[in-house]
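Participant: Listed here are the chains, written in short residue letters.
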Amino acid sequence: MNINERLATLKYNKDKESHLTVDNDVCMRCNDKVCTYICPANVYEWNEQKCIMTIRYENCLECGACKIACEKKNIIWRYPNCEYGVKYKNG
Amino acid sequence: MKNNKVEIIVVGAGPAGVSAAITLARAGKKVLLVERGDCAGDKNVFGGTIYAKQTAEIFPKFWETAPIERAITEQKIFLLTDYNSTQISYKYASKGAYKAFTVNRSKWDKWCSQQAEKEGVYYAPKTLVNELILKDRNVIGIKTEFEEFYSDIVIIADGVNSLLAKQIGLRKEIKDSDVSLSVKEVIKINKEKLEDRFNLDEEDGCACRILGGPLRDKFALGFMYTNKDTISIGYSISLDEIKKLKVKPYELLDELKAHPTVSAYIKNGETIEYSSHLIPEGGYNAVPKLYDNGVMIIGDAAMLVNNIHFEGTNLAMLSGKLAAETAIEAINNKDYSKSSLSKYHTKLKESIILKDLKTHRNTIEVIKKNIHTLSSLYPELACEFLEILTSADGVEKKVKYRKFLKEIIKKGTISSSIPLAILAMEKCLKK
Ligand SMILES: Cc1cc2nc3c(=O)[nH]c(=O)nc-3n(C[C@H](O)[C@H](O)[C@H](O)COP(=O)(O)OP(=O)(O)OC[C@H]3O[C@@H](n4cnc5c(N)ncnc54)[C@H](O)[C@@H]3O)c2cc1C
Ligand code: SF4
Ligand code: SF4
Chain E
157 MNINERLATL KYNKDKESHL TVDNDVCMRC NDKVCTYICP ANVYEWNEQK
207 CIMTIRYENC LECGACKIAC EKKNIIWRYP NCEYGVKYKN G
Chain H
334 MKNNKVEIIV VGAGPAGVSA AITLARAGKK VLLVERGDCA GDKNVFGGTI
384 YAKQTAEIFP KFWETAPIER AITEQKIFLL TDYNSTQISY KYASKGAYKA
434 FTVNRSKWDK WCSQQAEKEG VYYAPKTLVN ELILKDRNVI GIKTEFEEFY
484 SDIVIIADGV NSLLAKQIGL RKEIKDSDVS LSVKEVIKIN KEKLEDRFNL
534 DEEDGCACRI LGGPLRDKFA LGFMYTNKDT ISIGYSISLD EIKKLKVKPY
584 ELLDELKAHP TVSAYIKNGE TIEYSSHLIP EGGYNAVPKL YDNGVMIIGD
634 AAMLVNNIHF EGTNLAMLSG KLAAETAIEA INNKDYSKSS LSKYHTKLKE
684 SIILKDLKTH RNTIEVIKKN IHTLSSLYPE LACEFLEILT SADGVEKKVK
734 YRKFLKEIIK KGTISSSIPL AILAMEKCLK K
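Residue numbers (the working numbering), protein chains in the order written: chain E, 157 to 247; chain H, 334 to 764.
For the record, the hints were derived by calculation from the structure and aren't laboratory data. Check before you lean on any hint, since a few could be wrong.
As the list claims (entries may be wrong) - Okay, derived cross-link-like pairs now, EDC-like style, lysine to aspartate or glutamate, Cα gap no bigger than 20 angstroms in a straight line:
1) E:K189 - E:E227
2) H:K577 - E:E227
3) E:K243 - H:D371
4) H:K505 - E:D188
5) E:K245 - H:E390
6) E:K223 - H:D371
7) H:K576 - E:D188
8) E:K172 - H:E478
9) E:K223 - H:E506
10) H:K508 - E:E201
11) H:K680 - H:E478
12) H:K576 - E:E201
13) H:K701 - H:E390
14) H:K561 - H:D529
15) H:K576 - E:D171
16) E:K228 - H:E397
17) E:K189 - H:E584
18) H:K459 - E:D171
19) H:K443 - E:E239
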């Protein structure tokens, strides 16, 4: 089962603005880019050409792993505004 | 609610927050319970089981009306090698003396918040607290997206990430070795089939913990729980370990699901929900300062989880109750200072929460050091031993025994063959 199929099992209410932000200059100097593999929803993807982090915030599971794992503490992390984000039916 | 002012505000309607709020309402206090989800439970994930005795202290005889899935009657440990497994099972009759129940957190948390409302708690879902309001170094209220609310005391129950405890400096960012990441799937399967596969009577349930296999040599634990007509399957792994592994969390879950022993239970099921959540695992040494002027922290926000015994919800509820009792006294005495609220810490120390966490303050270290023995050698030895015992293949027994013993010596298990559980317990009992 791939990640997109997994995420398709979930109900989300997509916010207009991202609740996750990074400073791309800091990411550029980050060797490991741990956020790109640690995230259980595959939210982060580094765009080599444009040197920016693509953040698919609408898929976020609001777990908090990325903000702790990022060595450079470069993720400004908050919860989506209320009524937005993921909504579990089983939990 | 006059001028947006109550006696107490509780932030977060998980087990900790609801238990605190309901205890306060029962004592006649005016309490506001705030939750960011559309309903309590919308944002919450666990394994898992709630524990009957401690849950009943807040919700007496809850099993008669609450949305529970199954009453646990069997606890299993799976020791996996690459393809084989040894399963240890502890089975008991539950009738009339329930120990634990599986629940669906979305339904369970919602039911708990409804009980709180019935008992007089002002309940505000769809309300995200952005920050605490401070005045002269006292916490005096909360700022939500749209409004401000004031109170004499705020109880922080906002879970493992606790942005609010961080705001006021009671907590720093968690270390990645003090937290584990879990991923989980809920798999739908025909009810009768589920009962056949797990050998269960109607309404009875099974809780499984999984060591080894794809999780070998990692500080990680798999789990599988039976619900009415779904199976919850997942694992948790220390965040620092998965960082090193450079593997995507869901790929490791695929490997676990594909193990022959595990896949037999879930085959032909349909994954109806994928989820992820953190678990505080730093134990005693990671517990932050728990109170300050006008504020206390409870549950996962205070890192009160005993991961050796899979206890979280029960400690969350108990810490909520103890904080509420402290708050009731403080309100009666009109003293909301940190010295008044320090009684919460004393109560925690006298309770099983900090006693048990203290007992296990070094256990994780022992397990981490011996993770190869626990997750790799034990499963292999158990399977090999049972293979020898049960295989009639014309090979002389002595030859087999010699080979087995040689293997043990080669793998260095003689020195580490003092059962780990005993080692860990011994360490716990040392002062
Ligand atoms: C995979 C997994 C398996 C587990 N298995 C078990 C088990 O089998 N048995 C067991 O007892 N425990 C288990 N636990 C642990 C257990 O789930 C937790 O210990 C327990 O839920 C903690 O309760 P809590 O109320 O402190 O926090 P939570 O349950 O996390 O509740 C926090 C609440 O606060 C809300 N919130 C957060 N921030 C804000 C804000 N700013 N404003 C408003 N609301 C906010 C959240 O939406 C949430 O409802 C497991 C945990 C995980 C992740
Ligand atoms: S880990 Fe942090 S610094 Fe590195 S790429 Fe990700 S967000 Fe940027
Ligand atoms: S909070 Fe969790 S799901 Fe969301 S982006 Fe970070 S790691 Fe991914």
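Participant: None of the hints should be skipped; say for each whether it holds.
Facilitator: Evaluated hints:
no. : hint            : in the structure
1   : E:K189 - E:E227 : holds (9 angstroms)
2   : H:K577 - E:E227 : holds (12 angstroms)
3   : E:K243 - H:D371 : holds (8 angstroms)
4   : H:K505 - E:D188 : violated (23 angstroms)
5   : E:K245 - H:E390 : violated (27 angstroms)
6   : E:K223 - H:D371 : violated (24 angstroms)
7   : H:K576 - E:D188 : holds (9 angstroms)
8   : E:K172 - H:E478 : holds (16 angstroms)
9   : E:K223 - H:E506 : holds (9 angstroms)
10  : H:K508 - E:E201 : violated (24 angstroms)
11  : H:K680 - H:E478 : violated (34 angstroms)
12  : H:K576 - E:E201 : holds (16 angstroms)
13  : H:K701 - H:E390 : violated (35 angstroms)
14  : H:K561 - H:D529 : holds (13 angstroms)
15  : H:K576 - E:D171 : violated (29 angstroms)
16  : E:K228 - H:E397 : violated (50 angstroms)
17  : E:K189 - H:E584 : holds (18 angstroms)
18  : H:K459 - E:D171 : holds (14 angstroms)
19  : H:K443 - E:E239 : holds (16 angstroms)
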